[in-house]
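Trainee: Below, each chain spelled out in residue letters.
Protein chains: 2
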Amino acid sequence: MNTTTVKFKLALFIAILLGGTITISAQIEDKPNFVIIFADDMGYGDLSSYGHPTIKTPNLDKMAMEGQKWTNFYVGSSVCTPSRAAIMTGRLPVRNGMTSKVHRVLQPWSTNGLPQSEITIAEQLKKGGYGTAAFGKWHLGDKEEYLPVNNGFDYWYGVPYSNDMDITLEMNEPQDYWNFWKSEERKEISSFNIPLMRNTEIIERPANQHTITKRYTNEAIEYIKEHKENPFFIYLAYNLPHVPLFASEEFEGKSKRGLYGDVVEEIDHNVGRVMEALKEQGIAENTIVVFTSDNGPWLVMDEEGGSAGLLRDGKGSTWEGGMREPGIFWSPGNLKPGIVTELGSTMDLFTTFSKLAGVELPDDRILDGEDLSSTLFEGKESPRETMFYYRGDELYAVRYGSYKAHYVTQSAYAEDREAHETPLLYNVDVDPSEKYEISAKHPEVITAINKIVEEHNKNLVKGPDMLKDWDYNPFGG
Amino acid sequence: MNTTTVKFKLALFIAILLGGTITISAQIEDKPNFVIIFADDMGYGDLSSYGHPTIKTPNLDKMAMEGQKWTNFYVGSSVCTPSRAAIMTGRLPVRNGMTSKVHRVLQPWSTNGLPQSEITIAEQLKKGGYGTAAFGKWHLGDKEEYLPVNNGFDYWYGVPYSNDMDITLEMNEPQDYWNFWKSEERKEISSFNIPLMRNTEIIERPANQHTITKRYTNEAIEYIKEHKENPFFIYLAYNLPHVPLFASEEFEGKSKRGLYGDVVEEIDHNVGRVMEALKEQGIAENTIVVFTSDNGPWLVMDEEGGSAGLLRDGKGSTWEGGMREPGIFWSPGNLKPGIVTELGSTMDLFTTFSKLAGVELPDDRILDGEDLSSTLFEGKESPRETMFYYRGDELYAVRYGSYKAHYVTQSAYAEDREAHETPLLYNVDVDPSEKYEISAKHPEVITAINKIVEEHNKNLVKGPDMLKDWDYNPFGG
Chain A
19 MNTTTVKFKL
29 ALFIAILLGG
39 TITISAQIED
49 KPNFVIIFAD
59 DMGYGDLSSY
69 GHPTIKTPNL
79 DKMAMEGQKW
89 TNFYVGSSVC
99 TPSRAAIMTG
109 RLPVRNGMTS
119 KVHRVLQPWS
129 TNGLPQSEIT
139 IAEQLKKGGY
149 GTAAFGKWHL
159 GDKEEYLPVN
169 NGFDYWYGVP
179 YSNDMDITLE
189 MNEPQDYWNF
199 WKSEERKEIS
209 SFNIPLMRNT
219 EIIERPANQH
229 TITKRYTNEA
239 IEYIKEHKEN
249 PFFIYLAYNL
259 PHVPLFASEE
269 FEGKSKRGLY
279 GDVVEEIDHN
289 VGRVMEALKE
299 QGIAENTIVV
309 FTSDNGPWLV
319 MDEEGGSAGL
329 LRDGKGSTWE
339 GGMREPGIFW
349 SPGNLKPGIV
359 TELGSTMDLF
369 TTFSKLAGVE
379 LPDDRILDGE
389 DLSSTLFEGK
399 ESPRETMFYY
409 RGDELYAVRY
419 GSYKAHYVTQ
429 SAYAEDREAH
439 ETPLLYNVDV
449 DPSEKYEISA
459 KHPEVITAIN
469 KIVEEHNKNL
479 VKGPDMLKDW
489 DYNPFGG
Chain B
19 MNTTTVKFKL
29 ALFIAILLGG
39 TITISAQIED
49 KPNFVIIFAD
59 DMGYGDLSSY
69 GHPTIKTPNL
79 DKMAMEGQKW
89 TNFYVGSSVC
99 TPSRAAIMTG
109 RLPVRNGMTS
119 KVHRVLQPWS
129 TNGLPQSEIT
139 IAEQLKKGGY
149 GTAAFGKWHL
159 GDKEEYLPVN
169 NGFDYWYGVP
179 YSNDMDITLE
189 MNEPQDYWNF
199 WKSEERKEIS
209 SFNIPLMRNT
219 EIIERPANQH
229 TITKRYTNEA
239 IEYIKEHKEN
249 PFFIYLAYNL
259 PHVPLFASEE
269 FEGKSKRGLY
279 GDVVEEIDHN
289 VGRVMEALKE
299 QGIAENTIVV
309 FTSDNGPWLV
319 MDEEGGSAGL
329 LRDGKGSTWE
339 GGMREPGIFW
349 SPGNLKPGIV
359 TELGSTMDLF
369 TTFSKLAGVE
379 LPDDRILDGE
389 DLSSTLFEGK
399 ESPRETMFYY
409 RGDELYAVRY
419 GSYKAHYVTQ
429 SAYAEDREAH
439 ETPLLYNVDV
449 DPSEKYEISA
459 KHPEVITAIN
469 KIVEEHNKNL
479 VKGPDMLKDW
489 DYNPFGG
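Protein sequence lines correspond, in order, to chains A and B.
Following this note's numbering, the numbering of the first sequence begins with 19 at its first residue and continues without gaps.
Following this note's numbering, the numbering of the second sequence begins with 19 at its first residue and continues without gaps.
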């Protein structure tokens, strides 16, 4: 056990004695470790504890049971790149230009990445003396200057973008990409010439995706063992269950949910290994582990995509299924176990971890995060009251308390965009599936949300679009 | 603690020593108590442990965690009367005439009820010396001869049919009924002149539905206290969360899910009281408690209906949402805790309980139940391989292992009936939402299921229709 544990627990004890009238973050004199485990395209409904009938996730379920299972936990965007920009910077991607009118995510042929002017959560925690390491998918720029090791991470072992990129088959137009997923070639590793990198060097190409979940975990565990004496921040971002789906021999065919379930069960197994390693090293009590996913399930992939459970739509959409995710917080002995129905967001991690690490928040920019400490440690109401749902650089919807107003609606991957003069209104606590429109019944809520939007827009400076420029056009256009 | 507990636990211990090679039911020399808790119209997705984000069900979640959470657990029909006939008799309702071409459920003006020739689970357990009591909704006939006390129960305290019947407002045609649910009158107890009965006597009319969940539970707990020295069977069938929704003062406005959530949380609270009472009386370890619901959520009731989670459609439908339900088994110390993805059905309770009670199964009729003991106590595969989904007296679909073939499809409450020459095929383990039709890929499965249907039909003798006859026509027809 490292020496920080005792102080951390003592601080919590004092906070409890004091009746929780001051936030826990003020009490922590020492620095807990942080581990973010980030799945890719896993849906709200894909864990047994979130209601999936055939995917078995005993480790994540245990994490949820011993810790807190958040049921209104949001990502910053419904697709990969902007969602990752949001968790990394604690800001809406529209502020840092990581979302665009032209393209939804970065491609291997994209010119840019996360602007250097942005402060990542890793850079932020380094200010507090943290060791920082990333394992897995990045997707915030694959040019050297944009890679994790140039954005606050001491170390990185992973893949620079999505595991479906660098397809080796000829693609002449975007439709070829969708057709490919019905072909047999999608099952071959060699169809995806993706690079596995260590820091700035490519060490394997194509990456063997069958073993990639396990290898990311091995490296993370190694890091935990080597760095347990000092506070650390680990960002463990699995490439899966994004398509193409690959499982190891041990897991292929294991689940009743088909290959998708095998892949999720393999991730669950490896999350269990991380928890076990933290326990074995005696630092679980001084670590906060968060598990979530970057966006909703990619429904157009049919059985190879996941499930948003009872939520509407999925990846790519500003309906709940696109942006609400499992959110599990685990820190044995520190968190009040239970189900938390308060609002939270991946953007809150930047703020919350900064507070717990004793690092000042930057005051030269707008942050979109809240400090969740008092909800995590004292069971208080979350300070988060709103969520802004952007598609590209346009605000589509706003959640305010139990309500959600849709100014624009559009299916995940269809051109059925519809703007609403009076926004569509849903009470997503009463009606999480967004079935029963109630704007006529609650004009006062619309008025309140309109004001929130007005306020939001006042301060909104959109970052220059980092996604629009391509070095070349792979479709020859 | 009654004396049966020790023997029951000893038998289990011996079974474990023997490596589980023989079924536990053969080991039980004594008679455990049975409690069936049956909700009404609660959907697959309405408990937190089955994925609902805002309904908090800590007691049922605890039951699921300490016991077994079944995720492929089916009722015998997608509407009340036949579903209740199925759990009572361990038989498909088509065999006992409790399903019909003409009407879906019994009405207060129906002539008939469950035929006396049927053997109820209560009659069956009485043969084994059990005390038997029913609390709550019956809906298998409201003429005296059809009431619980004339069908194997020593005692009954409850309502003879659904809590939305006996509406006091004028209804001239069926559409008036649906319009009523948009009116303010639906919120008044006095709009429902339903009788609360003790045995064969009406003791309150209209029943005060605000307190009915609590009062059923009070009576059940009283029964437990008074009968703990001898084996008993309790059937605790709450009228709620069927519309009209009513909660007590303590629960109204408590949940984030609106009145529906309040009602479910009140049921959860009362289920917790039953568990507590069993513990307090020292008989929890010698009792098997089962919690389930009679059919899927009544989706046409909008926010006043529940959710089937990721399952398709709801009450009234042979899609999964109509007939798959939460199924929680709890018996502290006896069941191997975990999530069970094997097939089970309410019809299996008749068979399983008979075995555990040492009562011979009737040999003069076809039973549709399986003995689930070895799955419950030894973690073995379920003996159930099939499920037959009837709508009225017509077979619509058949589940066989992971597959489900739809011979006829129809939405819950629409006239869009469609027969399929080649049945629609789904793998409901891989695709629980029944989205991806795969008959072309698996002709061998169709062949196998066709054979199962042929075999099923050979032995099928439909009971005389008990639902079609009315004493009078309330619509003046």
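Derived from the structure by calculation, the hints contain no laboratory data.
Computed from a predicted structure; not experimentally measured.
Be aware that a few hints might be false.
Pairwise CB distance ranges, derived in the manner of DEER restraints [claimed, not checked]:
no., chain 1, residue 1, chain 2, residue 2, range
1, B, Y431, A, G271, 36 to 46 Å
2, A, N190, B, E84, 50 to 60 Å
3, B, W196, A, E433, 53 to 63 Å
Selected chain B positions facing chain A (Cβ under 7 Å, derived; list incomplete) [said to hold, decoys possible]:
no., residue
4, Y68
5, P71
6, T89
7, K232
8, N236
9, K272
10, S325
11, G327
12, P355
13, I357
14, T359
15, V448
16, Y454
Taking lysine to any residue and the SDA-like style, the derived pairs with C-alpha atoms no more than 20 Å apart in a straight line are [to be verified]:
no., chain 1, residue 1, chain 2, residue 2
17, A, K200, B, H460
18, A, K398, A, E433
19, A, K272, B, G356
20, A, K200, B, I456
21, B, K200, A, K272
22, B, K205, A, V448
23, A, K200, B, V448
24, B, K80, A, G356
Glycine included, every Cβ here is placed at the ideal spot set by N, Cα and C.
Trainee: Taking the hints in turn, state whether each one holds.
Mentor: How the hints compare with the structure:
Checked against the given bound of 36 to 46 Å, the beta carbons of Y431 of chain B and G271 of chain A, roughly 40 Å apart, stay inside it. Our hint of 50 to 60 Å for N190 of chain A and E84 of chain B holds, since their Cβ atoms are close to 58 Å apart. For the pair W196 of chain B and E433 of chain A, the supplied restraint of 53 to 63 Å is violated, since their beta-carbon distance comes to about 36 Å. With its C-beta approaching chain A no nearer than about 5 Å, Y68 of chain B sits inside the 7 Å limit, and its interface hint holds.
The beta carbon of P71 of chain B is positioned within 7 Å of a beta carbon in chain A (closest approach about 4 Å), and the interface hint is therefore held. Checking T89 of chain B against chain A by beta carbon gives a least distance of about 4 Å; that is within 7 Å, so the hint holds. Annotation: K232 of chain B was flagged as interfacial toward chain A, and the flag is violated, the nearest CB pair being 24 Å apart, outside 7 Å. Annotation: N236 of chain B was flagged as interfacial toward chain A, and the flag is violated, the nearest CB pair being 28 Å apart, outside 7 Å.
Annotation: K272 of chain B was flagged as interfacial toward chain A, and the flag is violated, the nearest CB pair being 12 Å apart, outside 7 Å. Because the smallest distance between the Cβ of S325 of chain B and any Cβ of chain A comes to about 5 Å, under 7 Å, the interface hint for this residue holds. The restraint placing G327 of chain B at the interface with chain A holds, with a minimum CB-CB distance near 5 Å, inside the 7 Å limit. Residue-level restraint check for P355 of chain B is violated (minimum Cβ-Cβ distance to chain A is 11 Å; threshold 7 Å).
Because the beta carbon of I357 of chain B sits about 5 Å from the nearest beta carbon in chain A, less than 7 Å, this interface hint is met. The interface hint given for T359 of chain B is met, as the beta carbon of that residue sits about 5 Å from the closest beta carbon of chain A, less than 7 Å. Here the hint on V448 of chain B is kept, as its CB sits about 4 Å from the closest CB of chain A, short of 7 Å. This hint holds: Y454 of chain B has a C-beta 5 Å from the nearest C-beta of chain A, less than the 7 Å allowed.
Between K200 of chain A and H460 of chain B the CA atoms are separated by roughly 17 Å; this keeps the pair inside 20 Å, and the hint holds. Restraint check: the Cα-Cα separation between K398 of chain A and E433 of chain A comes to about 42 Å, which exceeds 20 Å; the hinted pair is violated. Note on K272 of chain A and G356 of chain B: the hinted pairing holds, with a Cα-Cα distance of about 17 Å set against a maximum of 20 Å. Distance check on the hinted pair: K200 of chain A and I456 of chain B sit about 14 Å apart at the alpha-carbon level, within 20 Å; holds.
For a cut-off of 20 Å, the pair hint linking K200 of chain B to K272 of chain A is broken: about 48 Å separates their Cα positions. Distance restraint check for K205 of chain B and V448 of chain A: the Cα-Cα separation of roughly 18 Å lies within the 20 Å cut-off, and the hinted pair is therefore satisfied. Proximity of K200 of chain A to V448 of chain B is assessed by CA-CA distance (about 17 Å); at most 20 Å being required, the pair is judged to hold. In summary, the hint linking K80 of chain B to G356 of chain A is supported, as the alpha carbons are separated by about 11 Å, within the 20 Å threshold.
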